[in-house]
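K.L.:
Each chain is listed here by its residues.
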Amino acid sequence: MAGYCGNILRINLTTRTVDTQPLDMALARKFVGGRGLGTSYFQKEVDPNVDALGPDNKMFFTTGPLTGTTAPTSGRYMVVTKSPLSGTIASSNSGGFWAAELKRAGFDMIIVEGRADRPCSISIRNSEVHIEDAETCWGKTVTETTDALLEAFGDPKARVLAIGPAGEKQSMIAAIMNDRYRAAGRSGVGAVMGSKNLKAIVVRGTGKVDSGQPDQTKEVLARMRKKIAEHDVTGKGLPAYGTAVLVNVINEHGVYPTKNFQQAYFETADKVSGETLAEEYLVKNVACYACPITCGRRCVVDGQEGEGPEYETLWCYSASCGVDDLPSVIRANNLCNDYGLDTISAGATIACAMELFEKGFIKPDEIDGPPLKFGSGEAIVEWTRKMGCHEGFGAELAQGSARLAAKYGAPELSMSSKKLELPAYDPRGIQGHGLQYATSNRGGCHVRGYMIAPEILGIPEKLDPLSLEGKATWTKIFQDLTAVIDSLGLCLFTSFALGAEDYRDMYSAITGADITTEDLLKTGERIWNLERVFNLNAGVDPGEDKLPKRLLEEPIPEGPSKGQVHRLGELLPQYYQERGWSAEGRPTEAKLAELALA
Amino acid sequence: MQVQVRLFATLRQGRFKRQSLELPEGDSVADLLKSLDIPKEDVGMLLLNGRDAALEAPLTTEAVVSIFPALGGG
Ligand code: SF4
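Taken in sequence, the protein lines are chains E and Z.
Counting from 1 along the first sequence, just add 1354 to a position and that's the residue number in the numbering used here.
Counting from 1 along the second sequence, just add 211 to a position and that's the residue number in the numbering used here.
Some hints here could point you the wrong way.
[As the list claims (entries may be wrong)] The following label-pair restraints were derived from C-beta to C-beta distances:
no., chain 1, residue 1, chain 2, residue 2, range
1, E, G1408, Z, K251, 55 to 65 Å
2, E, G1923, Z, Q213, 51 to 61 Å
3, Z, R226, E, A1576, 31 to 41 Å
4, Z, V275, E, R1579, 49 to 59 Å
5, E, E1482, Z, Q224, 51 to 61 Å
6, Z, Q213, E, P1814, 29 to 39 Å
7, E, D1656, Z, F227, 48 to 58 Å
[Claimed, not checked] Examples of chain Z residues toward chain E, derived with CB under 8 Å:
no., residue
8, F219
9, R226
10, K228
11, S231
12, M256
13, L258
14, G261
15, A281
16, L282
If you are wondering where the hints come from, they were derived from the structure by calculation, not from laboratory data.
No residue lacks a Cβ here, since even glycine has one placed at the ideal position from N, Cα and C.
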């Protein structure tokens, strides 16, 4: 089938063996690729109760059939593993160029098993694959590691995926970075790599990815590029301001979580907005592989060039920590990239620590750094650095907000769901989005079903964010469609301009798969249910489909969404019904049989 | 009546970020756009006191109007 290389690379770090195996095409047909295919392999090979940081957990670096083809935004891959942070399935997505390079080397997926007895890296030059010592890189930042490995590899066109010191120290919020600035950020996947003593994967591929028959793909892909170029969001908004344009949009709606969700309107948000970033710090736009949208921001502060901050990062280090000093936010973002930390969880954990400090749980004399005061630019930068290298009290913060708040006897102050820190939208004023946070298979995240699109941005149609009507249905559709996009190997941002039919058209044109749009969405539903079953078997029970107490009980105190709370108790039963699950939130035998998962 | 107007992203070009404007009683959002020389097609999102508003929505004194071009994605 065009699109697929047909090969997977299985690497056992304990035995230091490398094996090339054929891709299971039956599974590929059933789960497409990327997130879906990785999850299906994972579920077949790994015990759900495995210790996430033990040698028996495995990592699946998995591309989609469209990754590395000529389809727009087709540079994405997924890291599927068990999350040490949440105990759920983790699938973290990233862009850049690394994944397309892996396909050009001839592999759809890398499976990493076991644990090396000393720091190592994997080097892939087309079919030539080696496990190499990486002791000299251990302790180095992502940038230093990338430079050193590129030099050792001897080909500047190679692509590097690496962890920073945070992953080495197995921080629960450590990210995996590729192409220096791109992150498979969430769920602590960097810690899993660190637990395996795997510092990096360098890849260079000179082959060609089969993009299907040009006569079949040309028209379809041209149509998609046109839609992307002509849509206001993908053709104008994202290229001009990047994701950061949302700062003012969300703040003006009064759903911009401020000071660890104590408030939902940040008075000085404009000082730390996409507009200000573009005016004062932006050097140029950057794009991932084959991406016409170019939402990436290359910014310079203190003479140091970096990428970002993205909207979520701007938020968690500014409003969430009460800081309106943009240079400090950019510095913290750059530190996260260099130390390999998930910016959302890192900033949100500092915000949680600030509230614990404000309320007297954390005492001034027990911390070895600047006071954890809301509004302190110095605190966000220095505590990020200390988290990144596990220095002093920074090591406590590096375990994430849920563990930190629990340690101080105030678990309710962690603004997380399934221990994953919530991102930059206060669900009290966006009901569907809150349902999505509570039911996401990897915990509190916004990119498993981006309900902000219909509820705030009016895409594909405008829904009242405060109403519950239809929200369970919309959430399910968004979640299922997202699972498809994540499995194809495309960027989620295409979904502003494209619909389910368009994804079907691209998938069919490139791979030749004969599939209806309904069946493709059914595939998304299959992936969703498979992830759910894994979580249930891993002991993450439906009682974890929840939001922090504050969001259910404390009304938003001020601003445009004043007085709102989240009505999860009303939405959850509707959602379970919509999914065809039992009233307790478990997929029924009939549903699993319908999805060919029984 | 005094109305607080906030403009965002590209709509700021050649205009302003935030301003308090004096408008005749009874003016609507559409009248405000006209006085700012903002074509309706350029507006992606229009909020009156933080909630979605229609063009014909009447303005009231002290109202906060936030106007965005079509943008967005996080
Ligand atoms: S839209 Fe942005 S994140 Fe997505 S592929 Fe393009 S540059 Fe990368």
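K.L.:
Which hint numbers does the structure go against, in order from smallest to largest?
P.N.:
2, 4, 7, 9 and 11
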